[in-house]
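Asks: Go ahead and model the full structure; you've got the sequences and the hints to work with.
There are 2 protein chains.
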Amino acid sequence: MKILFVFAHPDKRSFNYSLLNAAIRRLEENGHTVKVSDLYRMKWKGIVDEDDFLNHEKGTRLKVVLSSTKAYEDDQLTEDVLTEQEKLNWADVVIFQFPLWWFTMPAILKGWFDRVFTSGYAYNIGEHNQKRAGDRYGEGVMAGKRAFCIITAGGREQHFSERGINGDINDILFPINHGMLFYPGFTVLPPVVIFRVDSESTEVYMQAEKEVLERMDNITEIKPISYRKQNFGDYKIPELTLKDGVEQPSNTHFDIHIIQD
Amino acid sequence: MKILFVFAHPDKRSFNYSLLNAAIRRLEENGHTVKVSDLYRMKWKGIVDEDDFLNHEKGTRLKVVLSSTKAYEDDQLTEDVLTEQEKLNWADVVIFQFPLWWFTMPAILKGWFDRVFTSGYAYNIGEHNQKRAGDRYGEGVMAGKRAFCIITAGGREQHFSERGINGDINDILFPINHGMLFYPGFTVLPPVVIFRVDSESTEVYMQAEKEVLERMDNITEIKPISYRKQNFGDYKIPELTLKDGVEQPSNTHFDIHIIQD
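Chains as they are written, first to last, in this note's numbering: chain A, 4 to 264; chain B, 4 to 264.
Be aware that one or more of the hints could be misleading.
It does not matter which identical chain is meant; a pair holds if it fits inside one copy or across any two.
Under the rule of at most 27 Å between Cα atoms (straight-line distance), these lysine-lysine pairs were calculated in the DSSO-like manner [claimed, not checked]:
#1 K90 x K134
#2 K226 x K246
#3 K38 x K66
#4 K15 x K73
Since the hints were made in silico from the structure, they are not lab data.
Replies: Set out below in structure tokens:
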């Protein structure tokens, strides 16, 4: 398979980089082809501005959604963004690897989503009618591709449980997994989350590498998160609210948007 | 009062900028003093890298938490970061205003948090012992200050309800409100969320401005979100998990970390 890493850590000598290298080696041993978007090494431009849309007249009002649509349609996106879109189009699996900073991804990776997931490409696509509200949440440009996150966190796992002081890591990551990955059509696998990375112990690293390599061996076998698709009967259209009684009574909050076994 | 806006929108002719200007005017009419960190106009550097820590030896391993601590302690942070910290120290209220892009803040604002909320300043402070696990979640550098978000979103409000296709906006924003604002000690007010901004209608703008101005008039009266403080008896220490039976049985997920009336 063709596997793309989108990687966001500033240092090549980091815990994260060591994991990345181990993962790539294993994937290649297993016969896969790997590409890496190493955002810091690429000096990725992380901020959306008018320079992103080559057909935008400088100094005129910038409406990001509209300018993004027009630039995509007229093939007036910048080279760096087009290159990333080509890599995405090439890949069967996309892995986002990053340290958890302030409970989400580093700015450079957020800026990758802000710039690469343009209107017309990753959103604002497909028909809107009585049965469909566009191609999103289970359909879209990434349909048929898998994606997941490999995340390192300083805190302990129990701090990221439902009763933990930070809240449940699965809820914390819902805006990423559901809102950024499932939205443009990816099949989303559960994240690999490595806790206590700041402890710097060899034991933590070895356990982390083991988990990551296991995932690399099982990318095709791992059961995806069963997010409910938008246009397949669970949601009212055009209201886009979950139909009454679809979920199990014990499910609440984000969980009602996941089919429970 | 002294009020700081941290504002993240690329265009001065935007819906967001109009709201900002209306808000500033009203606050000044009401006798407050206002400062604005207008990140795009400031050409804010959004990405953490080794240049952020003046005492970091270039080309050596960058451990962000460690380098951040050392740079803060030795007064070796960059001028732009120090200026933002001084503004925060000055303010009684901090308002974060931004468009919701991919279910969170634009990269430039994430990069403001990544760079300004350094270790030693916003986290990794206070004592760790049998009764306390550092100054955070209700204590810390921002204690006594209020903060809240003003957010514009393209979608409709019902799409951001619990049963809505995107999930509940309050859950989507929990990693920001709880994880980025309550964590360093802010008293967090409910966000002002303006929906359907892409509709571009005058009616939507006028209603939005009304909501924002009402909030400006009521900053001191609005009831904060009652997040549970870390070191005041609700959580086990050092486990940092919520004690059994503290929450109401009907509360689940993030809600258990909020005191319900």
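Asks: Now tell me if each hint is right for this structure.
Replies: Verification of the hints:
In the homo-oligomer, the alpha carbons of K90 and K134 never lie at most 27 Å apart, since the shortest distance is 32 Å inside one protomer and 51 Å across protomers. Taking the shortest alpha-carbon separations for K226 and K246, only the intra-copy value of 25 Å comes in at or below 27 Å, while the best inter-copy value is 33 Å. For the identical chains of this complex, K38 and K66 are inter-copy neighbours only, at 25 Å across copies versus 33 Å inside a copy, given an alpha-carbon limit of 27 Å. Taking identical chains as interchangeable, the C-alpha atoms of K15 and K73 lie at most 27 Å apart only when they sit on different chains, with a minimum of 20 Å there against 37 Å within one chain.
Consistency with the previously given hints fails for number 1 only.
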